[in-house]
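The chain contents come next:
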Amino acid sequence: MSALFVAIFAPVLASFAVLLLRRHAGIIAVAGAGVAAVASAVLLAQAFSGAAATELILPGLPTYPLRLEASALTSALSMMVATVALFVLIFAVGYMKKDPEKPRFFATMLMFIAAMQMLVLSADWILLLAAWELIGVSSYLLIGFWHGKSGVAGSAMRAFIYTRSADLGLYIAAFLLIGVAGTSDISTSLATSGTAATLAGLLLLVAAMGKSAQVPLNDWLQRAMAGPTPVSALLHSATLVAAGAILLIRVAPMLPPSTLLVVGLVGGVTTVVTGLIALGEKDLKRLLAASTSSQYGLMLLAIGVGAPIVALLHLITHAAIKSGLFMGAGVFQHARGSTLMDDVAGAGRAHKRVFAGFVLAALALAGIPPLAGFFSKDAIIAATLYAPAGAGLLPLALAGTVLTGAYMARAMAQLWRGKGEAAAPSQALRWMGIGMAGPVVLAIILGAGFPALERLLGAEVATSALAAAMGLGAAGLGLVLGWFLPPAHLLGALLPWAQNGFAIAGGMDGLVARPVLALATALNRFETWLFNAVIKLGHASLRLGRASRISDEAGIDRAIFSFARRTVASGERARKLQSGLIHRQLAITIIATGILAAALFAAPLFY
Amino acid sequence: MSMELIVALSMGAALFGTGVYGALSQTNLVMIMMGIELILAAALVNLVAFWRYLHPDAMEAQMFLLIVMTVMAVEMAVGFGVAIARFRSRGSVEMEEAQELKG
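Quick mapping for you: the protein sequence lines, in order, are chains A and B.
1 is the number of the first residue of the first sequence in my numbering; add one for each residue after it.
1001 is the number of the first residue of the second sequence in my numbering; add one for each residue after it.
Note that these hints are calculated values from the structure, not bench results.
Residues from chain A that keep clear of chain B, each with C-beta distances beyond 10 angstroms, as calculated:
no.: 1; residue: LEU66
no.: 2; residue: SER71
no.: 3; residue: LYS97
no.: 4; residue: GLY148
no.: 5; residue: GLY151
no.: 6; residue: PHE175
no.: 7; residue: ALA356
no.: 8; residue: PRO388
no.: 9; residue: ALA559
These stretches of chain A come out as covered by chain B in the derived footprint (C-beta under 8 angstroms, 3 or more residues):
no.: 10; region: 575-582
no.: 11; region: 585-591
Keep in mind that this is a model prediction, so the values were computed, not measured.
Glycine included, each C-beta is placed from N, C-alpha and C at the ideal position.
Take the sequences, apply the hints, and build the full model.
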C-alpha cells in the first residue's frame, strides 16, 4: 500500500468512521488527517530523495486508466493540503465543541480534504474532473453547514452555482485536450500547442477564475463566509479556492504567451479590485475573504508573467498565513459572537496571544521580512520586473501589495483599538490555539524552506534587491496608511462602491444569476406546460377508455348475450317436439319423409 | 318398362304401406319393430326388383342388399335387447307408458 493511497484514503476512512461511530468525531478526524499528513510527508521525502515519482493506477475507462502521481510538484501540494487540513481540524475540535452536528461537520471536512488530495495528486484529467466536482459539492455542504440559519442555504447555493457555471470551462477544456492529445494523461496532454492550447488555456482560466474567485466571479467567496470558520480557514487556504490556481500552475507550461497575458491581467485586476473591496469591508471574515481573492490574483499574475513556481510558493505561503488568519478571526468570533468590524473592536486586547499570532500572520501576508510572505511576494515582484509583459503588470502587483498592507493594518488596528477585557481560558480555546499556532509558525519559518523547494522543483527563482526594496516599501506604505487612516479617507469616493463589491451591471448576479434564474423560470413554465399537456393527454385517454367500455358493454356484450338468449329460447321451443312417445316420433319421421318425397317428386315440375 | 317390374314395385309398395301402418298403429314395442322390418323388407323388394329388371349385370346391388340385411339383423338384436331390458325393469313393453325420453 503506497503512501499515495494512504494520503487519499486515510481521510475517507476517518470520515466513514466518524459517520458510523458518531462520537469522538474530532479525535478521529484529527487522527485521519494526521495519518494523511504523514503519508504526504513520506511522498515529499521520496521526492526530495530523488526517487522516481510514485504512481498509482486505478481502473478507469478502458483506454483511459485513472492515474495518481506524486511528482515533486504534486507531493509538495499534497503536503501543503495535509498540513493545513491537520491544523484546521485541530482548531475545529475547539471551535465546534458545542455543536450538536459535529459528526456531520467532521465527516464532510474529511471528505473535502480527501477530494482535495485526489485533486492535487491526480495525473489524469478524468480523475481531476471527478475531484473538482467532489470539492465543489463538499464545499457546498460545508458552506451550507448551518443551513437552518436564514441566508446560509442561499450562500451555499450561490457558491455552488457560480463555481459550477465556471466549471463548464474546465469540462470543455479537459475534453478538448483529451481529444487533441488522444490521452487523458495531464503531463502528456500539455504538449498540445497552437489554437487548441490557446482555447483550452482560456477555458481553464475561466474555471480557475470561478474557483479562485477572480474578478468578475469574486462575489461568491465573500458570501461563503456563512459557513463555520474552520471551513473558511480550509476553503480559503489550501483547498477549494486553491484548486483554481493549482490547475493553472499545472497547465502553465502549455499556455501560449497571449493566454498568459490574459491570465496575468485577470490576476492583476483582481488583486487591485478585491484589495479595494477588502479595505472597505465592514466584516472581518469578509475582509479576509476579499483578501484571499486578492492574493490569488497575485498568484495568477505570477503565472501570467511566466513564473508558475513563484505562484506555487505564494500559494503555499498564503495557505499557511490565511488559515492562521481565519483561525484567529474564528477565536475573536467565538469570543464576540460576531465578525462585524465594530463588534470585534478590541478583541485583540482580550486574547493577546491569539492577537500576536494574528499580527504575525498579517505581517507575513503584507510581506515583512523575515516572515515567509516576504519571500514569495518579493519573488512575484521580481518575476514581474524581469518579465517581458511585466511593465503593465508591475504597477498592479505593487498596488496589490500596498492594498494588502493597508487592509491587514486596518484589521489589526480594529482588533487592537477599543476596549477588551481578558477572557478566561477554556479548553475550546486551547484546541483553537494549538490549531492556530501551527500555521502561524509555518508562516514565520516557511521562507527558510524555499531554496530547497525551488531546487526540488528545478526552477530558478529570480530575486533582486530592487524588487525586495519595492515590495518592502509598498508593504510598509500600506501598513502605515492602513493603521493610521480610516478607509473612508483612503478610498474617498470609491468607498460605497467598494463596499458594494464593485457590482458592475448588478455584479455577478446580473451576469450569471439572473440569466440562470430566467432560464429556470422559462424551464419551469415549460415544465408546467408539459405537465398540463400530460394531464390533458391522461384525461383524453380516460375518456377514450370510458367510451370503449360503454361500446363494449352496450355493443359487443349485448349482441353476444342476445345471441346466447335466442339460442336458449329456440332450444326451449325445440324441446316441445320431443314427446318421448315412440310412435309420435315415428309419425313425425314418416310425415317428414312424405314431405321430402313430395318435394322430390315436385322438384322436376319447376325446372 | 316391363310388367314384372311394376308388379314387384307394387308388391313393395303394399309391403311398405303395411309396415308403416303397423309401426304407427301398434303400441307394443315388438309389434312396432315388426312394422319396421316390413318397411325394410319393402325396400329390399324394390332394390331386388330394380336390379333384376334394370341392371341384372351389376353385382354391386347384391352387395348392397346383403349390407341392408345385416343392418336389419343388427337392428333387430338391438331392438329386442331394449325390449327385454324394458320388460325386465318395467314388466311391460307397452310404448304408451314409455315417456322417459321426453325432452
